[in-house]
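S.K.: Sequences listed follow chains A and B, in order.
Here this note's numbering is used: position 44 in the first sequence is 47, and no number is missing along the way.
Here this note's numbering is used: position 75 in the second sequence is 90, and no number is missing along the way.
Just so you know, these hints were derived from the structure itself, not from any lab.
Predicted model, so just to flag it, every value in this text is computed and none were measured.
Worth double-checking, as some hints may not be accurate.
[Said to hold, decoys possible] Taking lysine to aspartate or glutamate pairs in the EDC-like style, the calculated list, with each CA pair at most 16 Å apart, reads:
no.: 1; chain 1: A; residue 1: Lys268; chain 2: B; residue 2: Asp98
no.: 2; chain 1: A; residue 1: Lys271; chain 2: B; residue 2: Glu102
no.: 3; chain 1: A; residue 1: Lys271; chain 2: B; residue 2: Asp62
no.: 4; chain 1: A; residue 1: Lys101; chain 2: A; residue 2: Glu120
no.: 5; chain 1: A; residue 1: Lys110; chain 2: B; residue 2: Glu102
no.: 6; chain 1: A; residue 1: Lys101; chain 2: B; residue 2: Asp98
no.: 7; chain 1: A; residue 1: Lys101; chain 2: B; residue 2: Asp62
[Claimed, not checked] Covered stretches of chain A (chain B as the covering partner; in silico rule of three or more C-beta atoms under 8 Å from a C-beta of chain B):
no.: 8; region: 79–89
no.: 9; region: 103–110
no.: 10; region: 150–160
no.: 11; region: 220–230
no.: 12; region: 247–261
Glycine is no exception: its CB is placed at the ideal position from the N, C-alpha and C atoms.
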Amino acid sequence: MNWGVITPLLIFLFIIFAIGFWSNKLVLKSNSFLEGYFLGERSMGGFLLAMTMVATYGSASSFIGGPGVAYTRGLGWVLLSMTQLATGYFTLMVLGKKFAIVSRQYKAVTLIDFLKERYQSKTVVLLSAASIILFLFSSMIAQWIGGARLVESLTGLSYSTALFIFAFSVLVFVIVGGFRAVALTDTVQGVVMFLGTLILLIATIKAGGGVSNIISDLAAENPNLISPFGADGSLTPSYVSSYWILVGIGVVGLPQIAVRAMSYKNSKAMHSAIVIGTIVVGFIMLGMHLIGVFARPVLPGIKIGDTVMPLLSMKVLPPFLAGIVLAAPMAAIMSTVNALLILVSSALVKDVYLNYIKPKANDGHIKKVSFSVTAIIGIIVILFAWSPPDLIVWLNLFSFGGLESVFIWPVIMGLYWGKGNKYGAIASMIIGMGSYILFDRFYPNAFGFHTVVMPIILSLVGFVAISLVMKPKVSDMQVGLEK
Amino acid sequence: MKKTEAPLDKRFKIAHREALIGVILVIINFIWWYGFSYGLGSAKVEDYQYIWGLPAWFFYSCIVGTLLMIVLVSLTVKFFFKDVPFEIEEEEKL
């Protein structure tokens with residue numbers, strides 16, 4: 004065991020727990036358990052909002068997987084990762100004030116609430132709940148595995164012990180604290196991610212003997228490492244550009260991000276969140292991926308990409324600092340898992356149970372059900388992560404793109420196109436999901452683009468066409484949404 | 016529904032304009048990013064220019080591009096984004 008590294012990590016976990024218990028007191032005091040637990044009562048200020056979006060979005064892949072790929076592919080992968088800069092401002096600007104106003108009118112607490120009120124359709128609700136549960140469940144398991152692997156590599160404990168420690172801390176925390184706890188710790192985690200990136204970037208440049216030195220070492224090894232086309236020349240402009248859709252603008256359709264766009268206090272909070280979010284996302288994405296590339300001359304010959312980050316931190320930093328830096332991916336994974344767990348349990352409790360099974364439950368009953376559902380999901384996830392079935396791994400691979408194809412148009416068109424109706428939404432969700440699976444299986448990277456591009460185009464066509472063909476009765480139309 | 020339609024329209028007008036600004040910013044971001052990376056980066060690696068030790072295409076596309084977007088986003092938020100109340104109750108008080 005490497006106590007020099009583990010001590011700062013334990014301190015970090017302790018702080019996170021303290022915040023969880025403190026915010027739980029606030030939730031128990033608040034008037035509506037449901038809004039408090041799942042939404043933090045729409046009370047988030049700008050800094051909190053920006054940080055919670057960054058922390059939710061920045062996951063295991065930004066800190067472990069991404070730098071690992073950058074290590075093998077070179078600067079071309081950093082270029083690709085910068086497509087994520089748009090998430091910092093685009094999501095909040097486009098969902099923006101309209102989403103905030105409309106979701107308050109609807110009294111919506113989750114993305115599904117919004118869709119339910121907008122389209123007045125049981126099918127839309129059940130389709131959304133099903134895709135959220137299916138995709139987020141599996142991506143949660145993947146994050147969980149990542150977290151356990153990190154604990155494993157730091158402590159030398161066995162995988163199952165590491166998984167247990169990691170899962171236990173996350174679960175206790177989410178169950179007692181709910182959304183507000185998640186948002187608050189996201190802030191701490193976001194700050195840790197930011198500092199961790201800064202420290203490691205500086206240390207790596209120093210260890211490599213300066214930027215010019217590192218770049219010429221890279222060019223001497225393989226000139227393509229410093230070109231935009233990747234080490235083997237396989238990163239074509241059209242493929243890299245399509246990441247603008249997958250991780251840039253498509254993020255609007257991710258339920259875990261969208262729910263944050265309805266939870267802020269006022270428009271001032273939104274304005275400062277846009278600016279802070281852009282700065283933090285830009286810095287973390289650029290920094291982390293650049294670190295991955297710069298690690299190559301410093302630490303040559305690493306075969307498994309996922310180990311680049313931990314190995315590098317322990318090599319270029321004194322143990323205590325390494326502990327702080329490695330708290331960053333830990334923070335990223337924890338905050339993503341927290342958010343997903345809350346989201347899946349809100350889909351089950353709020354959107355299915357309260358809507359269709361027991362609509363008249365009182366606050367005490369809801370509280371009991373929310374706690375136990377969150378706990379049960381958590382335990383099932385642990386069991387799956389223990390020995391992940393192949394299906395889960397496969398589902399997780401397209402969880403991002405799949406969710407985007409399902410939700411992007413029902414959300415965007417629901418907000419900005421008065422003529423959009425439930426038939427269009429249902430068609431677009433089914434086409435999005437179906438064509439994503441088919442393209443992924445039979446024609447991945449169609450026309451040189453990432454797989455996500457075609458399904459998003461097809462589901463847009465489906466939404467518009469079916470909405471125009473199937474006109475609903477006037478009574479179905481939503482008041483206040485037409486311009 | 017007894018919602019007052021007129022003030023709602025006004026808030027939505029602001030919201031629509033700001034969403035459009037978001038779209039425009041993404042387009043600017045994309046053009047800058049694509050133009051510099053593939054414009055300068057497509058040359059032979061031996062012919063690359065370097066700024067601060069980094070290849071020029073990367074410096075302009077990723078470093079300057081990120082800073083540029085941060086500045087643009089801050090400016091648009093400061094000068095073009097308007098404060099609007101979100102709650103109906105607040106609206107009625109006005």
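S.K.: The structure should be examined with respect to each hint, and the outcome stated for every one.
M.R.: Each hint tested on the structure:
no., hint, result
1, A:Lys268 to B:Asp98, "holds (12 Å)"
2, A:Lys271 to B:Glu102, "holds (14 Å)"
3, A:Lys271 to B:Asp62, "violated (48 Å)"
4, A:Lys101 to A:Glu120, "holds (15 Å)"
5, A:Lys110 to B:Glu102, "holds (10 Å)"
6, A:Lys101 to B:Asp98, "holds (12 Å)"
7, A:Lys101 to B:Asp62, "violated (49 Å)"
8, 79–89, "holds (count 6)"
9, 103–110, "holds (count 4)"
10, 150–160, "violated (count 0)"
11, 220–230, "holds (count 5)"
12, 247–261, "holds (count 3)"
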